[in-house]
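One letter stands for each residue in the lines below.
Protein chains: 2
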Amino acid sequence: MSKYAFGVDIGGTTVKLGFFDKEGNILDKWEIPTILDNEGAAILPDIVKSIRGKMEEKGISEEDLVGIGVGVPGTVDKKGNLGGCANIAWRSFNIPEAVQAYINVPVKAGNDANVAAFGEMWKGAGKGHENVVAVTLGTGVGGGIIVEGEILAGSIGGGGEIGHIHVEDNETESCGCGKKGCLEEYASATGIARLARRRLEKDDKPSVLRGGHISAKTVFDAVKEGDAVAIEVAEEFGRYLGKGLGIIAGVVNPELFVIGGGVSKAGEILLTFVEPWFKKYVYRECANARIVLAQLGNDAGIIGAVGMVLR
Amino acid sequence: MSKYAFGVDIGGTTVKLGFFDKEGNILDKWEIPTILDNEGAAILPDIVKSIRGKMEEKGISEEDLVGIGVGVPGTVDKKGNLGGCANIAWRSFNIPEAVQAYINVPVKAGNDANVAAFGEMWKGAGKGHENVVAVTLGTGVGGGIIVEGEILAGSIGGGGEIGHIHVEDNETESCGCGKKGCLEEYASATGIARLARRRLEKDDKPSVLRGGHISAKTVFDAVKEGDAVAIEVAEEFGRYLGKGLGIIAGVVNPELFVIGGGVSKAGEILLTFVEPWFKKYVYRECANARIVLAQLGNDAGIIGAVGMVLR
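Listed in order, the protein sequences are those of chains A and B. For the first sequence, my numbering assigns the number 1 to the initial residue and increments by one for each residue that follows. For the second sequence, my numbering assigns the number 1 to the initial residue and increments by one for each residue that follows.
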């Protein structure tokens, strides 16, 4: 009887792997390096080799596996077809079929942000909810949308690409994507640092931020100390993110927004800057969504990945 | 064997009804008035009475019916629970159960805009596609989102309420919903007329629109005559709608936007004002969506309604 499953979260530097029982409890987890050479040709063989090593260690065979779930940093459609991939020079191919060339078990694949959202819905902050939007505030802004308990992959895997929805008409600097005024330019870690630098340049108002290293962390640390300039920056961040969440709520009407990623380490105080703006911008018939912090941290990817085969 | 089904589209003035074979072909269609008295207590009994009359006329019994699909002008969740209802003073109740109190056949219910979107996906402009966003440009702006062939109802039926996503920070007039800067304020029939009046007030540039009745129709008629002021208004409309669609594409990544409602009677020329702005605002990984005109007109509601039980 199939009792176990693996969850895999492929990143540009490391691959996270998890060994799970069929209820989705983590029995073991580890990492291997992502070898980017030769258009990433070694990545999938390396993953399966690592999984086979773990199977040998645990004394289990393919028959004991429910399957393998894989999260990938690129657009992945409902059938596991990879479109673009930002950090790995992979061309388009079907991920489950490619993995199954090395191991004969059921395989499912999804975009990493979507898969992490699925993990938070299944085992994290979204537990008990089926309509959840996860927002990852890291170097960039990622997102994953869960509708009726399923990942919204979209037509070509672009579902939940909320970092690049337009929220500001008057932006002069370009986002990494080439457009101007994307949510990512204000709500990511780099975006918050940019807002802070802009604010500091505006006048000479005293602030603990002056002269030091500016990051999302130093901004929110200063907010906690009551620094007035930092609070202004946090308000600005909150206005953009609240606006973005208000728009997203009008489209997909979730029960819950789950905020994760490095920026969310600031804690609950972060949400106090977002909620009032969300309420201002959201349509009343979609205003039921609550905004909470993610709970799974870096494990969201492997948990969501394994969830695709276990749930 | 069940061979037939009914589709019902409840509006604030009339109820549209359709009698269909099980492939979804319209065999007959008609309307009855919507009686709003007594908190709309007569509406559902009237509908079932009308359906029973048609069944008698056609010589069929309940066993011959696959079921009845119902579209309602209010928020309806996945299970057919009605939340708010704008034009009818209905309280919250479960629509399928309420209909089944009068007739013992399978019943499904959805929000009217969502149901019409489902109809366009099934039998109209979206035929052959499973990820479709329908946008209805009428007195207001409605929307319906179809993901993997299913209506995205959202957590409390607010999915696809795209008329009230925020697209303009500098608006001074309020939308009907109480907020400022909603898509509906620029892309609805009334919104286009408002943009036209604003533009005409700005200066004295000659235009055929001056002195006459201003409506979305007169604006687009003037556009077709090459009126420079009307073209400016259409550009403004196109910028807002293109921005809105670009944002929506970043959230749900559809293959197709289907544009319907009274404003869409302007024809293909309407799309030429929207497409360039859509391309400007949309994230590249979601830019695959095409924008087309709806095909089912006023029948989209009954076709989508019956599709919920037939498809």
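Source of the hints: derived by calculation from the structure; they are not laboratory data. Quantities reported herein were computed from a predicted structural model and do not represent experimental measurements. Certain hints may be false.
Which stretches of chain A does chain B cover? Using the computed rule of at least three CB atoms under 8 angstroms from a CB of chain B, they are [what the hints assert, rightly or not]:
id: 1; region: 220-232
id: 2; region: 279-288
Some chain B residues near chain A, calculated using beta-carbon distances under 10 angstroms [said to hold, decoys possible]:
id: 3; residue: Trp-30
id: 4; residue: Glu-31
id: 5; residue: Leu-36
id: 6; residue: Arg-52
id: 7; residue: Gly-53
id: 8; residue: Asn-81
id: 9; residue: Gly-83
id: 10; residue: Asn-87
id: 11; residue: Ile-88
id: 12; residue: Glu-150
id: 13; residue: Ser-174
id: 14; residue: Leu-183
id: 15; residue: Lys-243
id: 16; residue: Gly-246
id: 17; residue: Tyr-281
id: 18; residue: Ala-289
The beta carbon of each residue, even a glycine, is placed where N, CA and C say it ideally should be.
Exercise. Hint numbers the structure violates, sorted upward?
Worked result: 1, 3, 4, 5, 6, 7, 8, 10, 11 and 13
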